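Trainee: Listed here are the chains, written in short residue letters.
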Amino acid sequence: MNMTVQRTAIDVSAPLASKPAWRMAAWRRRSFLTILVLIQSAIATHSVSWVLPYHGSDWLEIAITALFAILFMWISLGFWTGIYGFVIRRAGGDRLSLLRRHPESELTNVPLARTAIVLPIYHEPVERTFAGMRAMLLALRETGLIEYFDFFVLSDSRDPNIWLDEQEAWYNLCLESDANGRVFYRRRRLNLNYKSGNIADFFRRWGRRYNYTVVLDADSLIDCDTIVRMVRLMQLEPAIGILQSAPSIINGQSLFARTQQFANRIYGPLFTTGLAALQLGEAAYWGHNAILRTDCFMRHCGLRRLRGPGLFGGSILSHDFVEAACMGKAGYEVWLEPGLSGSYEEVPPTLEDDLKRDKRWTRGNLQHIWLLLFGRGIRFAHRMAFMNGIMSYLASPMWLLFLVLCAIEVSRMVLWPIDYFPVDYSLFPVWPEWHPELAINLTTSVAVMLFLPKILAILDLAFSGAIRRFGGFFPVVFSVLIEIIVAAFLAPIRMLAHSRFVIESAFNIRLKWAGQNRTEESSWFIAWVHQAPAFILGSVWIGFAYWLEKMYFLWSLPVAIPLILAAPASVILGRTRIGSRIGSWRLLRVPEEIEPSPLLDHLIRTEPDPGPANRLGFIGSIVDPVRNQIHCHLAKPVASQIKRDALVGLRNRCLVHGPDSLSSGEISLLAQDRESLRWLHDAIWREPPGSFWGKYLVCGATAG
Amino acid sequence: MNYVSSEFILARALAYLRTAGIQITRQFERELLRLIEEALADPNEDTMRYVMEGLSQRFPLPQLPVIQAAPPIQRSSVGHPSL
Numbered sequence: 001m002n003m004t005v006q007r008t009a010i011d012v013s014a015p016l017a018s019k020p021a022w023r024m025a026a027w028r029r030r031s032f033l034t035i036l037v038l039i040q041s042a043i044a045t046h047s048v049s050w051v052l053p054y055h056g057s058d059w060l061e062i063a064i065t066a067l068f069a070i071l072f073m074w075i076s077l078g079f080w081t082g083i084y085g086f087v088i089r090r091a092g093g094d095r096l097s098l099l100r101r102h103p104e105s106e107l108t109n110v111p112l113a114r115t116a117i118v119l120p121i122y123h124e125p126v127e128r129t130f131a132g133m134r135a136m137l138l139a140l141r142e143t144g145l146i147e148y149f150d151f152f153v154l155s156d157s158r159d160p161n162i163w164l165d166e167q168e169a170w171y172n173l174c175l176e177s178d179a180n181g182r183v184f185y186r187r188r189r190l191n192l193n194y195k196s197g198n199i200a201d202f203f204r205r206w207g208r209r210y211n212y213t214v215v216l217d218a219d220s221l222i223d224c225d226t227i228v229r230m231v232r233l234m235q236l237e238p239a240i241g242i243l244q245s246a247p248s249i250i251n252g253q254s255l256f257a258r259t260q261q262f263a264n265r266i267y268g269p270l271f272t273t274g275l276a277a278l279q280l281g282e283a284a285y286w287g288h289n290a291i292l293r294t295d296c297f298m299r300h301c302g303l304r305r306l307r308g309p310g311l312f313g314g315s316i317l318s319h320d321f322v323e324a325a326c327m328g329k330a331g332y333e334v335w336l337e338p339g340l341s342g343s344y345e346e347v348p349p350t351l352e353d354d355l356k357r358d359k360r361w362t363r364g365n366l367q368h369i370w371l372l373l374f375g376r377g378i379r380f381a382h383r384m385a386f387m388n389g390i391m392s393y394l395a396s397p398m399w400l401l402f403l404v405l406c407a408i409e410v411s412r413m414v415l416w417p418i419d420y421f422p423v424d425y426s427l428f429p430v431w432p433e434w435h436p437e438l439a440i441n442l443t444t445s446v447a448v449m450l451f452l453p454k455i456l457a458i459l460d461l462a463f464s465g466a467i468r469r470f471g472g473f474f475p476v477v478f479s480v481l482i483e484i485i486v487a488a489f490l491a492p493i494r495m496l497a498h499s500r501f502v503i504e505s506a507f508n509i510r511l512k513w514a515g516q517n518r519t520e521e522s523s524w525f526i527a528w529v530h531q532a533p534a535f536i537l538g539s540v541w542i543g544f545a546y547w548l549e550k551m552y553f554l555w556s557l558p559v560a561i562p563l564i565l566a567a568p569a570s571v572i573l574g575r576t577r578i579g580s581r582i583g584s585w586r587l588l589r590v591p592e593e594i595e596p597s598p599l600l601d602h603l604i605r606t607e608p609d610p611g612p613a614n615r616l617g618f619i620g621s622i623v624d625p626v627r628n629q630i631h632c633h634l635a636k637p638v639a640s641q642i643k644r645d646a647l648v649g650l651r652n653r654c655l656v657h658g659p660d661s662l663s664s665g666e667i668s669l670l671a672q673d674r675e676s677l678r679w680l681h682d683a684i685w686r687e688p689p690g691s692f693w694g695k696y697l698v699c700g701a702t703a704g
Numbered sequence: 001m002n003y004v005s006s007e008f009i010l011a012r013a014l015a016y017l018r019t020a021g022i023q024i025t026r027q028f029e030r031e032l033l034r035l036i037e038e039a040l041a042d043p044n045e046d047t048m049r050y051v052m053e054g055l056s057q058r059f060p061l062p063q064l065p066v067i068q069a070a071p072p073i074q075r076s077s078v079g080h081p082s083l
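In order, the protein sequences belong to chains F and S.
For the first sequence, position 419 (counting from the first letter as 1) is numbered 419 according to this note's numbering, and the numbering increases by one without interruption.
For the second sequence, position 47 (counting from the first letter as 1) is numbered 47 according to this note's numbering, and the numbering increases by one without interruption.
With the rest of the complex left out, here is chain S (with noise of 0.2 Å):
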């Protein structure tokens, strides 16, 4: 595994947030500061997994509205005349 610095993670994890769409507050800093500090308690923990898989868990994202791609098909067929 290879070793990744607690300070590329944090860049990772917010990098992440902003682009989600999450406005950065100092709670959510701190939050994560936490997730990255139990990561690094475990030494046989993936550090940058851990983390991201914690993101979603301690950060929930906002859930996009799910829109409605077609209406329900009513099948019918098409006429093809000799021409």
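Isolated chain F, as found in the complex (with noise of 0.2 Å):
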């Protein structure tokens, strides 16, 4: 079936010489976004140089006034993105955009080309991970083209108790889905760079069969008519390197996930549609629900490892900034397409295990300075974009710091006596002054460019009729102020633990690589132990506040409260049944949630067993006769004499003492090698009733 498909992409062996229209556009709009930011950020410096109390006169003052700057260009950067947004989509769109210039009716007519659709994963929930797998498969099926589209489990799982199970399902979605020679299973046994060494491994072998990859995550879910239409604007648009979709985050179950979920979907459109508009052909690649052209990928974006001291040196972790950045140094367009709907991810489930994810993204976009300052011949574009990355969880420290000396600014004022000639030599003194009315001016202007977005996303939504989708006008309205809630509550949390973060990434502290938590709730136990410094700071701060200055300690509350209370609220944000209870009240919906999608009635319908519990690993490749042909068949005869001579002494281990007498290394060996498997399944159902195995048949595979 393969075979009858052709190569039909356009064959682009170098980038088009040809200067695109779209580069003045992006030129005059980021000219536009670079004065204001400036201006509204000048007139807000100079404001809070006048809250102060010496007018930024001093060392002190100079560093508040200088880390305010630097965060309220932030913020503003943010704020007219979003503005620009809503402008665009009012206006019936961007006119640049790629669906915009290439309607529907035109792309219907174009061939499609032979596209791999691959899914690397790491220790990954297996039923998740091949259910959305499927849920694509089916839907690619009944519109006709799946013989264009192959699909690649790339596993880099390390626990042969996971990876066992990964073979397993692929094997049972082959054969329950009719997917012979469709679906393919590839396992590294060396997991170099990461993901991205996990995608270049897959290029090597199979990238030559196909003129487009389509890279997904584990929790990625792709609608197929996306699928299709991504393909068929690659063929239009022969200059792309890279077209990455805005997925829409779906499944929130937990109350935390349904916050961020309904986030995503009401102010997602704004910010990606603004974002889109001010990149065009210079955006970045977040790694996943994305497609690329892949001669180009393979030619141009292998990476490095980084050559720089501590943090900036070996590989790169976050690699998908820099692989856009590499396809636009190869003079290749990356392109952010937020029409492309139908493009889904999932958020992990607990504010514990999004600050795990964040932890790993502090280190990889730090990592992007020595890329930033020392990269040869990057954009300036994907230098901003590296920028962006790192001011995201740069921000929490200066923030922080910003706090921290604002706190000193008070002890000075309140304890210290008053310094009249705080400049050296100056005939004049200068009378200390407190401008609250302008402190509190300022602190509504912020609010006003946190808040304004939300409020445009709302009329957005309403002006298009869309809110219907969402459960109507007030539903949305009351979502919003408890997503205002909640995310004002977990500023302070993250503010602190993305300072940890990069503090320990500046220290250059390794981190273990480890798969996402996508399911399941946080335990008071864990919440305890990894808040505890929140709860220390938050309380130590509040009593100094307290004993300093009663109006301080005011101001202190909105910060101060949240990291005292950073452990319950971690354990009750991730508990499903809150998140369902407030869904049952029509409350932080989404449409899925109102009128499902056909792909993901797929997911659920195809949800294939209940869970883990029922999954059996190493022991059910050695004891389960149907299990172990599976495992016999994928598994490989080892050449080496050396090795079998180790293998034989291992089997007889396991054998005799079970298992657990062997390391998760050792079982890997074994269950790697065919004669092995083979030979402790024959053996083990010969065990008398005494041994091990044999306790193990009588309590175990038989109650089975």
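Because the hints were derived from the structure by calculation, they are not lab data.
Treat the hints with care, since some could be wrong.
Pulled a few chain F residues facing chain S out of the computed Cβ check, cut under 10 Å [as the list claims (entries may be wrong)]:
no., residue
1, D150
2, W170
3, R186
4, W206
5, G207
6, G694
Predicted model only: the values in this text are computed from it and were never measured.
Even glycine gets a Cβ: it sits at the ideal position worked out from N, Cα and C.
Please dock the two separately framed chains into a single complex, following the hints provided.
Mentor: Below, the structure written as structure tokens:
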């Protein structure tokens, strides 16, 4: 079947030489944005210097003012991006966007080309991962265009109990969905360079077979129509190297996930539209829910190890931004197309898991400082994308430092004698004076910048009529209020956690590469252990503020209270029961919950089994005759005599003492060897009743 | 050689067949009992081994279809531009 499909893509061996029309528009739009941000930030910074008692005339106040200026610029950038997105959406969309340039009528006639849909995984929940793939497979099959697409599960899992389950889930998927030769499974035995290394490994083996590669995450879902449109857009635009869709969050069950999901669905379109209109052909790649032009990507986007000191050495962790920069450097375009609906992802269910993911991302984004400063040939827009990512995390320690300096400023005013001559050799005294009315004005203007885009998002939904799909006007307004409260509550907790991550990264404290929890709730114990620093800092802060000055105490409450309550907040927000209850009140709901999409129906219908309790991993592979057949089929014979001898020892140990006597690595060795799997299977079933396996078979397998 | 009762061997063999997805019928049980009887007839034989080895010959287990794990490899290289 595969052989009948020809490579019909327009072959691009070099980027197009002519300067595309969007570049001038991009320059105009970005210049306008820069002017707006700078003017607004200059006014705000001037105001803050007037709020301070010495009007920014000593080192402490200069530091406070400088930090405020940077943080304000950061907020202002987001604010104007949202406003711009709103304006564009109300004007009917960006005329330069790909979907406006290539309407549906034109796309329908474009021939498809061979496309691989790859799913790199590492210790992900097996059931959910394969259910998502099955949903996309079945949906694509219904379109009648399945022959253009192959699916690859690219596993980097190290734990044999997980990868054996993956193999089994893959086999069952192929068998039950009649997908032999359509869905493939590959596990790297040596996982070099994390996810980017996994994808590069795929390209080296099978990249030449495909014109395009759609990259997914374990929790990704893309509607078949969207995948087909992405391929056709790539066919029409040979200068595009990467086309990124803007994934919507789905399947949020806990209160935490629901608020993230709701925020993404309500405010996301404004920001992604604004962002896409500013970036145009120099957008960022987010690492999943995107399509790559395979040959260009293979030629230009392999990542070398960084050669800088400490954090800036070794494998690149956040590879996606760098790959987009490489693509731009090679002369190809990278587009974000917010109009590509039907692209989905999930969020971690709890704050704990979200912060765990942020820990990885902090390190990855801070690594980009090296490329931002020393990267050669990287386009300015992609340097700004690096800057954006870096500031996402660096803003937290800056905010923390800002608060600490403000505390010192208040202490100085209350506890220390007044310094009338803060500037050396000055003839005239400076009278310290507070301007609380200016402080209130400034706080109000910051609040407007944070909340106005949210109000505009509601208006956008109301004007477009889409608000009905979220349950109506009043449920949306109440949901936005809940989301604002939760977001404001979480902000100081994130600030402290991100500050810690930044410091750990700066000192190059190594992290363990770990898969994400996408399904479970967090426990009270874990939450208290993880949030203990927040509790201690919040308590000390509020005690100090109360002792120091009553007004300062009141100003500190919005930061200190969330820190003190971080652990209970983390647990309560992670509860799915509370999330479901809120959903049953028609709050924090997204359209897919009200009018389910066919793709999500597939996902729900095809949930293969009730959970990991039913999976037996290594034990299943050597005890169960059916599972043993599957894994023997996928295992390989070992060639080296030394290895074979070692395996004999491991087998015997496993037979006499059970798998707990083996390390994870030793189990992997056995599970990769066909002969060992067969031998163990035969031997286990012949074991006498008093042996380890004899007891197991009486208590375990026979009961099952 | 430890003595294992035929009752235990019968339970083990039935468990194996069930785990393998075989529907146990009267005919199957009779065949299995005959296999155990053969094993018991030889006092030097390891009864458990004899029965478990005989299972696959007497009761052909369902063979799973071979699924292609990966398409044929077409090797190529990935370029690593300097940054």
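Trainee: If you take the shortest Cβ to Cβ gap from W170/F to chain S, is it below 10 Å?
Mentor: holds (8 Å)
Trainee: Regarding the hint that R186/F lies at the interface with chain S, is the smallest CB-CB distance below 10 Å?
Mentor: Given a least distance of 6 Å, the restraint on R186/F holds.
Trainee: For the hint on G694/F, does the least C-beta distance to chain S fall short of 10 Å?
Mentor: holds (9 Å)
Trainee: Quick one, is the G207/F hint okay against chain S at 10 Å, beta carbons?
Mentor: holds (6 Å)
Trainee: Answer holds if the nearest beta-carbon of chain S is closer than 10 Å to that of D150/F; otherwise answer violated.
Mentor: holds (7 Å)
Trainee: Identify whether the interface hint at W206/F stands, where standing means a beta carbon of chain S within less than 10 Å of its own.
Mentor: Constraint on W206/F satisfied, holds at 6 Å.
Violated hints for the displayed structure: none, as all numbered hints are satisfied.
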